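**Q** Below are the chains, spelled out letter by letter.
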Amino acid sequence: MAKRVLSIDDSKMVHMVVAKALKPAEITLLTAVNGEEGIQKAEAEKPDLILLDVTMPVLDGIETLTRLKGIPSVKDIPVIMLSADGGSENIQRATELGALKFITKPFTADALLAGIGEYIGLPRPS
Amino acid sequence: MHFISTFTRIAVAEVFDTMLSLKLEALETLEGADVPHGPLEGVVGSVGFAGKINGTLYMRYSDKLACSVTERLIGVTPVTAADSEVADVIGEIANMVSGTMKGQTSKQGYHGWLSTPMILRGSEIFLESKSAPISSMSRFRLPISNDRLEVWVFAKLED
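So the protein sequences, as listed, match chains A and B. Residues in the first sequence are numbered consecutively from 0, following numbering that gives the first Met the number 0. Residues in the second sequence are numbered consecutively from 0, following numbering that gives the first Met the number 0.
Honestly, the hints are just simulated from the structure, not real lab data. Since this is a predicted model, take the numbers as computed values, not measurements. Just so it is clear, CB atoms sit at the ideal spot from N, CA and C, and this is done for glycine as well. Misleading hints may appear alongside valid ones.
Coverage of chain B stretches by chain A, computed from C-beta distances (three or more under 8 Å per stretch; other residues unrestricted) [as the list claims (entries may be wrong)]:
{"hint": "1", "segment": "12 to 19"}
{"hint": "2", "segment": "57 to 64"}
{"hint": "3", "segment": "98 to 104"}
{"hint": "4", "segment": "107 to 117"}
Calculated cross-link-like contacts (lysine-lysine; reagent style BS3-like; alpha-carbon spacing at most 25 Å) [as the list claims (entries may be wrong)]:
{"hint": "5", "chain 1": "A", "residue 1": "Lys-74", "chain 2": "A", "residue 2": "Lys-100"}
{"hint": "6", "chain 1": "A", "residue 1": "Lys-2", "chain 2": "A", "residue 2": "Lys-22"}
{"hint": "7", "chain 1": "A", "residue 1": "Lys-19", "chain 2": "B", "residue 2": "Lys-22"}
{"hint": "8", "chain 1": "A", "residue 1": "Lys-100", "chain 2": "A", "residue 2": "Lys-11"}
{"hint": "9", "chain 1": "A", "residue 1": "Lys-45", "chain 2": "A", "residue 2": "Lys-22"}
{"hint": "10", "chain 1": "B", "residue 1": "Lys-22", "chain 2": "B", "residue 2": "Lys-129"}
{"hint": "11", "chain 1": "A", "residue 1": "Lys-2", "chain 2": "A", "residue 2": "Lys-68"}
{"hint": "12", "chain 1": "B", "residue 1": "Lys-155", "chain 2": "A", "residue 2": "Lys-11"}
{"hint": "13", "chain 1": "B", "residue 1": "Lys-106", "chain 2": "A", "residue 2": "Lys-100"}
Just the calculated beta-carbon pair ranges, DEER-fashion [to be verified]:
{"hint": "14", "chain 1": "A", "residue 1": "Gly-97", "chain 2": "B", "residue 2": "Ile-118", "range": "15 to 25 Å"}
{"hint": "15", "chain 1": "B", "residue 1": "Thr-79", "chain 2": "A", "residue 2": "Ala-18", "range": "23 to 33 Å"}
{"hint": "16", "chain 1": "A", "residue 1": "Glu-95", "chain 2": "B", "residue 2": "Thr-76", "range": "41 to 51 Å"}
{"hint": "17", "chain 1": "A", "residue 1": "Ala-108", "chain 2": "B", "residue 2": "Gly-31", "range": "33 to 43 Å"}
{"hint": "18", "chain 1": "B", "residue 1": "Glu-127", "chain 2": "A", "residue 2": "Lys-45", "range": "43 to 53 Å"}
{"hint": "19", "chain 1": "B", "residue 1": "Pro-35", "chain 2": "A", "residue 2": "Ile-119", "range": "25 to 35 Å"}
{"hint": "20", "chain 1": "A", "residue 1": "Ala-1", "chain 2": "B", "residue 2": "Val-78", "range": "32 to 42 Å"}
{"hint": "21", "chain 1": "A", "residue 1": "Gly-97", "chain 2": "B", "residue 2": "Asp-33", "range": "42 to 52 Å"}
{"hint": "22", "chain 1": "B", "residue 1": "Ser-83", "chain 2": "A", "residue 2": "Ala-110", "range": "21 to 31 Å"}
{"hint": "23", "chain 1": "B", "residue 1": "Pro-35", "chain 2": "A", "residue 2": "Leu-121", "range": "44 to 54 Å"}
{"hint": "24", "chain 1": "B", "residue 1": "Lys-155", "chain 2": "A", "residue 2": "Asp-109", "range": "35 to 45 Å"}
{"hint": "25", "chain 1": "B", "residue 1": "Lys-129", "chain 2": "A", "residue 2": "Lys-19", "range": "39 to 49 Å"}
{"hint": "26", "chain 1": "B", "residue 1": "Asp-82", "chain 2": "A", "residue 2": "Lys-19", "range": "13 to 23 Å"}
Kindly produce the complete structure, drawing on both the sequences and the hints.
**A** So this is what it looks like as structure tokens:
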């Protein structure tokens, strides 16, 4: 069964770039444009991994992560932060809340695949 | 050259190289009283900084250049520069450039936060700051267009 990744980001451009990056690995991409929608989709779809932006309207990434980790049915889904705002305070806060990694934008397709691969069982790039 | 101008040039080049596989050529950088304020036309992506560094970054594209960058990045050809895809791409690029700059300024001790991106579009745009002691404008040549990308930063550093 194809792996499924949920991208929570207010930029549709980021969803399109992520989709292009994940396509070679045959990963299905689910998308949400803010934290509230992301939490709903995470509960409904139970993706294999969540990519989460930090700076978003409605509900930012840190608050979204806090809520995700408080929901029993989704709290164990791996979360990787994917944000342009890679300041040390954001990285520290996200790590404390349970994010596994912080990938900063801009990113290459290879870096994104390598970043998520170890958490969803993708083969290591040769 | 002020280090904010240097960081701007580095951040813009890095984002376009990584996300669009475009090698930008940095042209002139103007600072202080030499910085032009307008009127400008086209599409402007902006992001605000707050914290130990306060200010705003503006990235101005001609309508044609904004459409070309959008098409290259997401593979969608906009009908006009007013299309939502253009605003999304120009805003996200400004967000990435600001984030990259923030990473560099943080290493100098100037920590802060970023706003969500905003988009301006029109033909009579003036960019001014009444209180920022640092002002900078850098021009870049892109290999996909004869139009120049222009990037303004107005900033104040808090000790």
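**Q** Of the numbered hints stated earlier in the document, which are not met by this structure?
**A** 2, 10, 12, 14 and 19
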